[in-house]
Amino acid sequence: MTSSEWLVHPNRSELGPDKPGRNGHYRPIRDARARLPVETCEARIALPRTMSRLADRDGSVTFAGGSWLFVVGAARTFARTYTDVDVPPPFGFKDRGQWWWWDSTTSEESILDGPDAAGYVRKYLERLFPGMPITLSDTQ
Amino acid sequence: MGAKTARPNREMPVAVDVEGGVISARDVKAAREVATDAMTEREFQRLANQITDQARDEDASLTRAARDRDRATPRDASQVDSARLRGDLPAEGEFRRALSGRQRKIRSAIKNQVMASAPASQHKAIRTMLTEEDAREWRRINGGLHVAAGDTQKLGDGDRAKVQRLDRAIQSYERLNDRTHKVYVAVELPDNHRDVRGLRDLPANLRPGSAVAFDQFTLTRHNLHETPGHDSDRHVVFEVVTSRGMYLGRSDSVEDTTHLLPRGMQFEIASADYATYETRSGGFGERLVLQLRER
Chain A
1 MTSSEWLVHP
11 NRSELGPDKP
21 GRNGHYRPIR
31 DARARLPVET
41 CEARIALPRT
51 MSRLADRDGS
61 VTFAGGSWLF
71 VVGAARTFAR
81 TYTDVDVPPP
91 FGFKDRGQWW
101 WWDSTTSEES
111 ILDGPDAAGY
121 VRKYLERLFP
131 GMPITLSDTQ
Chain B
1 MGAKTARPNR
11 EMPVAVDVEG
21 GVISARDVKA
31 AREVATDAMT
41 EREFQRLANQ
51 ITDQARDEDA
61 SLTRAARDRD
71 RATPRDASQV
81 DSARLRGDLP
91 AEGEFRRALS
101 GRQRKIRSAI
111 KNQVMASAPA
121 SQHKAIRTML
131 TEEDAREWRR
141 INGGLHVAAG
151 DTQKLGDGDR
161 AKVQRLDRAI
171 QSYERLNDRT
181 HKVYVAVELP
191 DNHRDVRGLR
201 DLPANLRPGS
211 AVAFDQFTLT
221 RHNLHETPGH
231 DSDRHVVFEV
241 VTSRGMYLGR
251 SDSVEDTTHL
261 LPRGMQFEIA
271 SADYATYETR
281 SGGFGERLVL
291 QLRER
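Protein sequences appear in the order of chains A and B. For the first sequence, this note's numbering gives the first residue as 1, with consecutive numbering after it. For the second sequence, this note's numbering gives the first residue as 1, with consecutive numbering after it.
By construction, these hints were calculated from the structure, which means they are not laboratory data. Here a beta-carbon is modelled for each residue, glycine too, at the ideal position from N, C-alpha and C. Worth double-checking, as some hints may not be accurate.
Which residues of chain B face chain A? A few of them, derived with a C-beta cut under 10 Å, are [to be verified]:
1) 51
2) 53
3) 98
4) 123
5) 138
6) 194
7) 200
Work out the full structure, taking the sequences as your base and the hints as a guide.
Structure (C-alpha cells):
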C-alpha cells in the first residue's frame, strides 16, 4: 500500500454549477428575508464616461459594506477587473498580531479604528481610481 | 376537446418565493417553483431525520452498530480537547496563510494511519467515489443524497453501504484527529445571477444570518488559493472551521490540501468579508469570503 493511494482525483472538485452531484452543492435552509446587509461605510466614485456601462444611472459606482475593509476590498476587486490601473497590494491585513498596510507600514492597532480612517481610505482609493472624484460616508 | 379545464393556480408558490429570496443556484423560473416546495419538504425531512436519529440513540434495545446503520446522517466522531488546537473563524482582516508543511504532515500521518487500518470495503468505496478518474459514482451518489435530503436510508442498499463505508473512513480520521481545520469550498452562481463583489450582490438566502446545509459529501481545500473558483467573482467561497472530515491531501511538495467534509453538515453564515490570502507564489490574493459556522 503506498501513501499516494488515497488521493482525490482532481475532477471531483472541478468547477461547475451549483447542482446536485456537484462538489460544494449547498441548499439554503432558512428564510433570510429580514437579513438586509448593514452597510455603514460607503465610497462613491464618479467614473469617466468611457466606463459608463459599469456605472449607476448617476455615472458613479458605489462600494458599501459594514466596514472600511470591506469597501476597499470591493473597490480593489473592481479596479483590478475593469481598469488598467497598476493595482496596489490589498489595503491591509492582520498577521501574527500585527497589522500590515499597503504602503508597507505596520501598526499594533488597526488604523481604521482611529479618527483618520476615512483619510487613509481616500488615499488608497485615489490610487485605485486616479483623477476620479471620490465621496466617502460613514454612518457607524 | 376540453380546452378550458379548471386548473389550479400554479403561480402561487412562485409568488411566495419572492420574499424568501431567490434560490441562487437553480434555473430561472421552474426550478424556483420546484425548489420552494422541495426545500420546505426537505427542511421538514431533515428535522424529522434528526429527531429519529436522536430517539434511536436512546433506545437501549438496539446495539450501537444497529443504531449507526439506521442513522440518516453520520455521527460526529470528532473531538478537540486542547484549547490550543481549537481554532475559530478568522476575524475580519486576518491574513489567510497557506497550510504549513508541518500541519500538512500531521494531517497526512493520520490519513496514512486510517488508510492502513481501513478494511478492503472502505478502500473500494474511496476508490470508486474519490480517487478513480471516472466521477460518475461520486455524482450519482451525491445526487441521490441531495434528493433524499441527506438521508442515506432512502438510497438503494448498495449505495447506502458505500456511503456508510465512506462515513466510517471519515469517522476513523475524526477519532484520531486532535485539531480543527479551516477549509474552503466554492460554489458557482447560475448564469442569471450577477457577479458578487458587494453585500447586495449576494443571493438573499446567502446573506449573513442565513443557514446552509450540505447534504452531500463535500471536497474542500485547506488553502484558499488552491480552491477552484477562488479567483472568480462568479463564485461564492465558503470558509469553514470544523473538527470534522478527513484530510486527503499530501504532505510532500505537491500542492494538494484536499479535505473531505462529511455529509449532513448544517451551517449558519456568520459573516461576509473580504479576506486577504497567501497565493501559490507567496503573494497576496483578495476576495469576498462567506464564513460558515456549524450549527
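**Prompt:** Of the hints given before, which are not true for this structure?
**Reply:** Numbers 1, 2, 3, 6, in rising order.
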